[in-house]
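Student: Line by line, the protein sequences are chains A and B. Heads up: the first sequence is residues 1 to 395, going by the numbering used here. Heads up: the second sequence is residues 1 to 395, going by the numbering used here.
Since the hints were made in silico from the structure, they are not lab data. Any given hint might turn out to be false.
Unchecked claim - Distance ranges between label pairs, derived from CB positions: (1) D268(B) with P164(A): 50 to 56 Å; (2) R106(A) with A276(B): 24 to 30 Å; (3) R382(B) with L384(A): 47 to 53 Å; (4) V50(B) with G350(A): 54 to 60 Å; (5) V50(B) with E119(A): 52 to 58 Å; (6) G199(A) with P125(B): 24 to 30 Å.
By construction, the Cβ of each residue, glycine as well, lies at the ideal position given by its N, Cα and C atoms.
Number of protein chains: 2
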Amino acid sequence: MSTDMQVSQGDLPLQGITVIDLTRVLAGPACTQILGDLGARVIKVEQPGVGDDARAIGPFVDGTSAYFLSVNRNKESIALDLKQSGDREIFERLLERADVLVENYRPGTMEKLGYGWPELHARYPQLVMTSVSGFGQTGPYRGFPAYDMVVQAMSGMMSVTGHPGAGPCRVGVSIGDLGAGLYAVIGTQSALMRRARNGQGERVDVSMLDCQVALLENAIARYGAMGSVPGPIGSRHPSMTPFDVFVAQDGWFVIAVGSDALFRRLCDLLDLAALAGDERFATNALRCMHEAALKELLEKRLQTQPRAHWLKLLADNGIPTGEYSSVADIVEHPQVLARGMFAQVQTPGGQPLRVAGNPLTVGGGQPLVRRQPPALDADRERILQELAMPLAPSA
Amino acid sequence: MSTDMQVSQGDLPLQGITVIDLTRVLAGPACTQILGDLGARVIKVEQPGVGDDARAIGPFVDGTSAYFLSVNRNKESIALDLKQSGDREIFERLLERADVLVENYRPGTMEKLGYGWPELHARYPQLVMTSVSGFGQTGPYRGFPAYDMVVQAMSGMMSVTGHPGAGPCRVGVSIGDLGAGLYAVIGTQSALMRRARNGQGERVDVSMLDCQVALLENAIARYGAMGSVPGPIGSRHPSMTPFDVFVAQDGWFVIAVGSDALFRRLCDLLDLAALAGDERFATNALRCMHEAALKELLEKRLQTQPRAHWLKLLADNGIPTGEYSSVADIVEHPQVLARGMFAQVQTPGGQPLRVAGNPLTVGGGQPLVRRQPPALDADRERILQELAMPLAPSA
């Protein structure tokens with residue numbers, strides 16, 4: 001650990017790290033946005049004329065994609081055509097000064113551009129190259145295109161999500177992309193930490209499918225232990241009962257009972273002494289077997305009062321409980337508001353949009369959004385000046 | 001960047017980092033397992049007699065929890081009672097030598113033990129303290145207990161998952177825990193990178209609820225842009241059609257069509273020229289409006305052939321497609337097998353269990369499982385010897 005550098009008050013964790021960002025749409029941009037939030041300088045290299053494909057995905061605010069706005073704060077933009085020699089020279093000058101290159105092309109594309117890992121490593125030995133792809137840089141599926149939907153389905157993630165008998169169900173967010181984005185951040189940081197010791201960049205090869213499998217950990221372990229194939233079970237917990245979403249007079253809320261003692265306390269609080277004495281419900285194992293019957297009996301009682309009544313009664317008595325929120329509810333929720341979990345970004349025309357922030361409060365006294373999501377090629381002039389290169393327009 | 005240390009061939013990214021691990025069950029252990037996979041030394045400090053609560057969660061293999069086995073490789077175990085002075089002394093000696101402390105107690109617990117952040121930071125200025133909790137260390141909900149189920153429901157994650165009209169639906173994996181675990185790794189690494197510059201440890205405060213909100217990013221942006229509240233939509237894509245799971249003669253598979261040109265190509269391949277010319281399906285926006293009608297027409301045709309037929313035909317012709325897998329399928333899948341995405345761990349009695357590996361291939365020529373999940377207190381003797389402390393049994 002080097003302690004010879006003193007840092008200023010505004011120092012962010014990844015300050016001093018420069019990331020060249022060739023990514024498009026979601027998994028890659030989610031990764032580089034986190035790196036940028038944490039203080040890295042992120043230079044987004046986009047295709048001239050069109051830019052990141054996400055710029056064309058609706059809905060739009062003031063002519064700018066909300067999808068793009070939500071994952072591209074704290075980035076600069078320069079449009080470069082990596083098939084043109086002038087633009088390749090600019091790109092290579094950027095790589096000389098960079099710590100990290102992140103890309104999410106299909107495997108083989110960087111090689112075709114002459115920027116495969118062996119070439120890059122030979123020429124820029126300090127450079128970490130993080131590649132995010134559907135299936136990874138190796139294996140029989142490496143060349144196939146993938147989307148979030150494909151890896152959610154192929155990994156088994158869909159097979160454990162949804163209501164029994166209702167057919168396939170996606171996780172409602174793009175966990176195939178976002179999971180890979182988070183692992184790509186971890187891999188990039190790990191490579192930078194190793195580089196701090198040995199001076200060498202390395203390749204970080206992140207497969208979206210692999211990341212979904214990693215997130216399935218407990219389902220895979222249960223299958224290995226029991227031999228029965230986990231399926232979808234709606235909203236309830238796979239091995240604890242009652243641990244589910246229940247309907248009250250005016251809507252849904254959660255009751256999470258993890259022990260027999262808590263179950264007896266719940267029955268007391270609900271004036272359901274008969275349930276506490278019912279032999280079908282005497283232990284967690286028995287309650288899991290008779291889950292549907294128990295849920296019906298509980299809901300019959302719960303429907304006599306509004307959620308707020310039950311939430312207060314249970315919370316006051318140490319029964320884990322919680323609200324069921326819509327997206328409209330969560331953006332007004334006192335806890336996440338107190339935590340500053342939303343950020344406001346702006347379109348190039350100045351229109352605001354509320355987006356999710358970063359759960360890591362990285363301090364440094366700086367706002368989360370240090371730089372608004374860029375218009376295509378917005379930072380060309382300054383970047384070329386920094387590189388001491390002539391100010392040619394983009395191809 | 002310091003280049004004065006040369007590292008051995010077996011060097012892993014987080015080699016040299018020591019993590020004291022006070023975590024239980026899932027969010028915390030998932031974080032520390034990743035740190036361990038990446039090369040950190042992880043010393044799990046458990047409650048004497050019982051240990052990590054996950055040790056009691058079924059199903060069991062050879063008397064050991066499969067749940068525990070799946071998130072506790074590459075860790076040592078020592079049982080310490082943090083309310084006993086002798087054990088506190090051992091714990092404090094460990095902290096003196098540690099780089100990171102990870103804990104996922106309810107906020108306030110560490111303070112009650114005399115190990116709040118101000119005390120720890122004053123005494124161990126080099127120490128990074130990563131705290132994972134349901135709602136974070138601040139805000140009106142900070143003291144409430146939370147489980148994966150609670151934060152999935154409260155964040156809105158459930159509200160966008162499931163089938164329309166079928167009621168609440170959990171993401172089938174514990175994304176509330178695992179999302180927080182991934183962010184906790186990122187925050188810990190960030191803090192270590194900043195510490196390499198300024199010599200100071202810092203507090204990383206990770207809220208499970210915040211992390212779910214971060215994963216909702218596109219739903220929040222869409223709501224902000226359009227004002228309509230996103231709801232569950234089963235297996236299809238929110239803004240592209242046909243982009244869904246479809247039923248063939250023998251089961252489900254994915255078709256992911258992202259452009260009008262690909263849609264026309266799909267119609268050709270399926271011999272459905274009438275669809276290509278149907279004005280209801282002429283553009284993606286129109287196809288989204290008439291999604292149900294289009295799905296019915298496509299499935300009528302798709303049900304005439306088995307999945308394998310369609311997967312090959314579509315893949316050969318550049319239409320993104322993919323298998324729908326169960327957990328039983330994915331553990332045999334040629335791509336994840338080629339990527340080495342499964343690991344085998346063993347119970348203390350030597351029984352093997354297949355678990356998910358780490359999607360980051362961190363190299364160093366070492367196996368992923370350098371150390372089997374420990375029995376409770378398994379490493380006491382060696383750890384005490386290292387600390388030059390007397391070999392007292394655990395309390």
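Student: Take the hints in turn and mark each one as holding or not.
Tutor: Outcome of the hint check:
no., hint, verdict
1, D268(B) with P164(A): 50 to 56 Å, "violated, 37 Å"
2, R106(A) with A276(B): 24 to 30 Å, "holds, 26 Å"
3, R382(B) with L384(A): 47 to 53 Å, "violated, 58 Å"
4, V50(B) with G350(A): 54 to 60 Å, "holds, 58 Å"
5, V50(B) with E119(A): 52 to 58 Å, "holds, 55 Å"
6, G199(A) with P125(B): 24 to 30 Å, "holds, 28 Å"
Of the hints listed earlier, those the structure fails to meet are numbers 1 and 3, in rising order.
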